[in-house]
Amino acid sequence: MMGSIVTRYLRRSVVRAVPFGLAAFAALTLTACDSHQNAVPKAGSPELVARGRYLAQAADCAACHTAAGGAPFAGGVKLESQFGTFYGSNITPDRNYGIGKWSADEFYSALHDGKAPKGKLYPAMPYTSYRQMSRDDSDAIFAYLTTQKPAAVPNIEADLKLPYNVRFAVRFWDMLFVKDALPDASTGQSADWTRGRYLANALGHCTECHTPRGAFGQLQDGKTLQGGTLGRIGAPDITPAGLAARGWTGADLQAFFSTGVATQGSAFSEMHPVIYLSTQHLGSNDLRALATYLLGDAPPAPAPLAVKTSNAVQLAAGRNLYLDSCAGCHGREGEGKPHVAVAMKGNSTLRQDDARNLIVSMLDGIEAQQFVGVERMEPMPAFAATYSDEQIAQLTNYLRATWGGQPGDVTAAAVKSLR
Amino acid sequence: MIVDGTDGTSEEVRTCINGAHFFDGKNVRTIEGHAKRNEHGEVVELTPVQQKFLEHFSFQCGYCTPGFVNATTVLLEKLKREPVARDQIEATIMAALNDHICRCTGYVRYYEAVKDLVLSMPGLVKDAA
Chain E
1 MMGSIVTRYL RRSVVRAVPF GLAAFAALTL TACDSHQNAV PKAGSPELVA
51 RGRYLAQAAD CAACHTAAGG APFAGGVKLE SQFGTFYGSN ITPDRNYGIG
101 KWSADEFYSA LHDGKAPKGK LYPAMPYTSY RQMSRDDSDA IFAYLTTQKP
151 AAVPNIEADL KLPYNVRFAV RFWDMLFVKD ALPDASTGQS ADWTRGRYLA
201 NALGHCTECH TPRGAFGQLQ DGKTLQGGTL GRIGAPDITP AGLAARGWTG
251 ADLQAFFSTG VATQGSAFSE MHPVIYLSTQ HLGSNDLRAL ATYLLGDAPP
301 APAPLAVKTS NAVQLAAGRN LYLDSCAGCH GREGEGKPHV AVAMKGNSTL
351 RQDDARNLIV SMLDGIEAQQ FVGVERMEPM PAFAATYSDE QIAQLTNYLR
401 ATWGGQPGDV TAAAVKSLR
Chain C
1 MIVDGTDGTS EEVRTCINGA HFFDGKNVRT IEGHAKRNEH GEVVELTPVQ
51 QKFLEHFSFQ CGYCTPGFVN ATTVLLEKLK REPVARDQIE ATIMAALNDH
101 ICRCTGYVRY YEAVKDLVLS MPGLVKDAA
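Respectively, the protein sequence lines represent chains E and C.
Each step along the first sequence adds one to the number in our numbering, with nothing skipped, and position 210 is 210.
Each step along the second sequence adds one to the number in our numbering, with nothing skipped, and position 76 is 76.
Misleading hints may appear alongside valid ones.
As the list claims (entries may be wrong) - Derived BS3-like pairs (lysine-lysine); straight-line CA-CA distance at most 30 Å:
hint: 1; chain 1: E; residue 1: LYS345; chain 2: E; residue 2: LYS308
hint: 2; chain 1: C; residue 1: LYS80; chain 2: E; residue 2: LYS416
hint: 3; chain 1: E; residue 1: LYS179; chain 2: E; residue 2: LYS161
hint: 4; chain 1: C; residue 1: LYS26; chain 2: E; residue 2: LYS337
hint: 5; chain 1: C; residue 1: LYS26; chain 2: C; residue 2: LYS78
hint: 6; chain 1: C; residue 1: LYS80; chain 2: C; residue 2: LYS36
Keep in mind that the hints were calculated from the coordinates and are not lab data.
It should be emphasised that the depicted structure is a prediction, and the values quoted were computed from it without experimental measurement.
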């Protein structure tokens, strides 16, 4: 079962550091980088470092390499998987613990082949995606990282169960599953689409969470971006058809990536840090390119919201529960409340075929979240202790049928299985 | 407000996000129901919590008063059932009141009043510890 070593069924239990100052600074300095044809700046120049910073944000390096309260890029972020626990490594220029002794060649090799000077990396490092990255971009990120403050923070060895801790076996997995190109879920040939493909695949590594995994933890080629279940909250289907079925347009996606909030809802669970640390920093051309790649050059029309009829008794019970505990923030008619709670009407999570994310959100609650600028959402309480399986099912069915265009057929047993 | 369970426990429940119907069939106490009143509805005796808050000058503008009185009442009722070790008193108070916000910055006086209550009321602290 060598392949299982290398999966990225990761649940992040650590909320990441929030570089407010960096965000503002980056917005001022990095818009110049947002171009489809980047001239290669001179080695070590401020332009190269600035471009490297932009690319490091686009590749969301900080998500795994900057721990909450830790020094930037000093590692330590805990990444849980069914195969054991990984920790993001120290990628500051510290000569003992970081990458201070690495060359640009070695850095590229880590991104491209998962090979570090000291040995093979586990694919928790998404080199399956990063191997699409150009050498120029790898060099720019390396140049940027070398300007960071060295942090003498030792790396934490992955704590993996047998037999997944056999590092050399990862090479066999690489031979089987690491490909030079990732499949596309959309079609297109425009400059935006091509740039968007690079942003999504080489940098943003969307596929690592949004593509379902096979038995060996490998990305399933035929199901690219059709939705993954890495954590308790599943990564939704972000194929053109999947997005359109939940009402997403290119403009909505751009708003979502740049602010974390769209008419379809706000980023939560593992997507929240992706917005916060990465996509909010993208320039407008890149935001448009990313949206274009996800939906394709000829985007499907967003599906209108249908109201599903369902068991009237169930719906009435669900409506009562909604008025009891939800309407205070989400609005009597599901309209939401600005800066407090998102709208339920047309909410992307309600429109998912699978009710899992909706049910888990109600059971577990959602932490208060800071978005770009002064935007924030208030915490959502957990209702696991307040309501029975039957009541959560009634609420789920009311929400899905009324505002999600989905059948109200969730059972109490389905809720119980998610507790 | 305070919702009393059927098993002798009590808990705080927020009224801002729960509709009135949520409380249908439940036993509730609001801030108006703490003090004893005579037949004319006039307050004749405060609860120990209210009295201690007055003695410590904890109340300032009054906006957060109901929440702090309810939370402290629930805390004392919990400590009667499950006394706390002496070295855990401060952490226990912090955990019980941490969600309450006072914009007049009266936290220290609230805190001192609650600590005074926990130490002066019999049976809330495990002396052996």
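Hint check, failures only: Structure breaks hint 2 only.
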